[in-house]
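Asks: If you want the building blocks of each chain, they are given just below.
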Amino acid sequence: MVAEQRERDALSRARELSLAGMLGALGLLLPIGFHALGWGGKIFLPMHLPMVVAGFLVGPATAASLGFLVPLLSSALTGMPPLAPPIAPLMSLELMAKGALASLLYRRLALPMWFVLPVVLIVDWAVLGAAAYAAAGFFGITTGALKYVWAAIALSWPGTVLQLVGVPLGVAAIERRLPRLALARGERR
Amino acid sequence: MGVAPVLLVEKLSFAYAGDGAALEGVGFSMAPGERVALLGANGAGKSTLLWCLVGILAGRGKIEVAGTVLAANTKAEVRKNLALAFSEPDDQLFMPTLAKDLAFGPRAEGDSPEEALRKARAAAAQVGLAEELLPRAPHELSSGEKRRAALAAILTSQPKVLALDEPTNSLDAPGRAVLAETLEHLSCAQLIATHDVGFARTICSRALVLVRGQLVADEDIEGLLADRERLVAYGLAAPGVTRP
Amino acid sequence: MQWCRGEADGRMLIPIAGAEKGDSPLHRLDDRAKLVALTGFVVAAMLTPTRPVWPWLALFGLLLVALAAGRVKPGLMAKRFLGLSLVVGVPFAVSRLGGEATRLAGESFAVKSLLVAGGFFALTATAHMPDLLEGTSRVPGLSGMSALAAFILRGANMLTGEVVRTNRAWALRAPRARLGVRLRGLVAASISLLGRAAARSDRVGAAMVLRGFDGRMPPAPARALSAGDLAVGLLFAAISLAIGGLGRWA
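Chains as they are written, first to last, in this note's numbering: chain A, 31 to 219; chain B, 3 to 246; chain C, 9 to 258.
Think of the hints as simulated: they come from the structure by calculation, not from any bench.
Hints may contain errors.
[What the hints assert, rightly or not] Here are some, though not all, of the chain C residues that point toward chain B, as calculated from beta-carbon distances under 7 Å: (1) His136; (2) Ala207; (3) Arg211; (4) Val212; (5) Gly223; (6) Ala232; (7) Gly236.
[To be verified] Sample of chain C residues lacking proximity to chain B, with all beta carbon distances greater than 12 Å (derived): (8) Gly163; (9) Met216; (10) Val217.
Here the structure is a predicted model, which is why all the values come from computation and not from measurement.
Glycine included, every Cβ here is placed at the ideal spot set by N, Cα and C.
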């Protein structure tokens, strides 16, 4: 039984790494595609879509790592989002929080998508606000940080709509191909 | 016969959840060094059989590889002796460089980096991969090179049985010839799942035929291929024929 | 790193820093030494006050020396800094309309952003990304993240090829399709791609386990950091911090 459990854990970890890698790759490529089409990254939030989908499909630690890594990798490879001003680090915190929360609520607690997704989006705004306020101090900016955050939220309503539509579609597409993911909700690995 | 079989399968059955039986009572054996073709139309159960042999799918029945019976606590041992080459080599090449990919297995077993690299180089040489390809990323390789790279990756453990799933997929005629030559130089037993009957005939002396999960034939390959009627009944095309 | 060249008639699909493996003093310097240098440079940039101006000029000069040592192509540099122009330029321009304090804050924001971005660019343009990622796997607690990063890069290689092929198929089958049809096709193709990528990830996971993966990636081999490389990194960091310190003291 012990050997069987070890094998299951190893297989589960390997599959999760590979799936997370694919979704992380989408997080790198989608923004490039959107920019190429002239559809603004700040408006449609293309990096958020695969990261939130990942939150619904992999464990919390993997989802958090993915959310943390992808903006930094993208910044290192393509220069966008920039590391300075600290847009990439802010996005790292945002996506890390979003992914981890989605995974905890959907995969561990098996709460329904229609509840989890809006909660994740609202918490995202709170995290962005707090992180931007803290980061602004480093640049000697004492006013306007929260106005920036409010403007970012208002400007990105198409991205919010895209996530509300795209995340359920993406998660359903993958769960259809990998039914074991839907069956494993509520388990603690 | 006197020689213990290197692979023994008895009454192997498997069904996917919600579907009918994918394999039913399959049984056969292979001698050391023997090359056997596993033939069957699409959906006959060839890939399912291979996945059961390596323990990824849990079938009912007995599977014994080089004297070790497949069980929950013997999978690692079995997998050292029975290696599976996937139909899609991209699925088996997952490290940043070819050298790291070939060294992955030995490193996972606990070999030092130097020893793992030595085994990687030896495996690459075994399949005719040039050493200058080792620092390259797998996606930079051609289809034929990837196919050989995936083979090299699983040969590092020096398995006694090599199972190959549709190895001639996306290979052109010269590529198939190179693959045939590579396989002929390997001393391990080989179980080649394929619907490419012409390729099977080139290097295998014996053929197993699966039809809807059941083993319907286990005989000399030439005798099988000479019987057109049976080939049609099994959903196979004779070599060189595009219609049955 | 060539992973984003794709098959689109040889055109570079994505402008990647470090896409071509260069050969310069900075390329040859150990990535860890570069990280030490960068850390000192970033700390100096963040701590230097807005006035006087000369420390900023000195730090920019130091950055240009690093970029010259890396023989970084001016075209790539220009693309990167052009990309920054909006996110830095707009707040700077807006700050000019405010009072003295706002103008100083805007200057500080713009200069610090350019310096830090420039520093990171000098690192990423001259580092071999897979080696850099592998190096992080030896840092305690980061091996999992390092493995994940490697899988992300691998995934990007594979998906780029798939996207190019899908796009080409569309171009051949429906070259004059209306926008609505193309968008529906794009959504359907994306969902199909996602499903295929997910199924592939299952097979890759199985391949890893079949080759002995037990839940942790094998550790990367240790590489010694030469004293000479470390000295260069420390020297650069020390000069940066000295400039910042003098500026603060002035």
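Asks: None of the hints should be skipped; say for each whether it holds.
Replies: Hints, verified against the model:
A least Cβ separation of about 10 Å between histidine 136/C and chain B goes past the 7 Å threshold, and the interface hint is therefore violated. For alanine 207/C, the interface hint is violated, the least distance from its beta-carbon to any beta-carbon of chain B being 10 Å, above 7 Å. The criterion of a C-beta within 7 Å of any C-beta in chain B is met by arginine 211/C, whose closest approach is roughly 4 Å, and the hint holds. For the restraint placing valine 212/C at the interface with chain B, the shortest Cβ-Cβ distance is roughly 5 Å, inside the 7 Å limit, so the hint holds.
Proximity of glycine 223/C to chain B is violated relative to the hint, the smallest CB-CB distance being about 11 Å (cut-off 7 Å). Nearest Cβ of chain B to the Cβ of alanine 232/C: about 13 Å, over the 7 Å cut. The hint is violated. The restraint placing glycine 236/C at the interface with chain B is violated, with a minimum CB-CB distance near 24 Å, outside the 7 Å limit. Non-interface call for glycine 163/C relative to chain B: violated, since the shortest CB-CB distance, roughly 10 Å, does not exceed 12 Å.
Some Cβ of chain B comes within 12 Å of the Cβ of methionine 216/C; the nearest lies about 7 Å off, and the non-interface call is violated. With 12 Å as the threshold on Cβ separation, the claim that valine 217/C sits away from chain B is violated: the shortest Cβ distance comes to roughly 8 Å.
The structure fails hints 1, 2, 5, 6, 7, 8, 9 and 10 (numbered hints given earlier, in ascending order).
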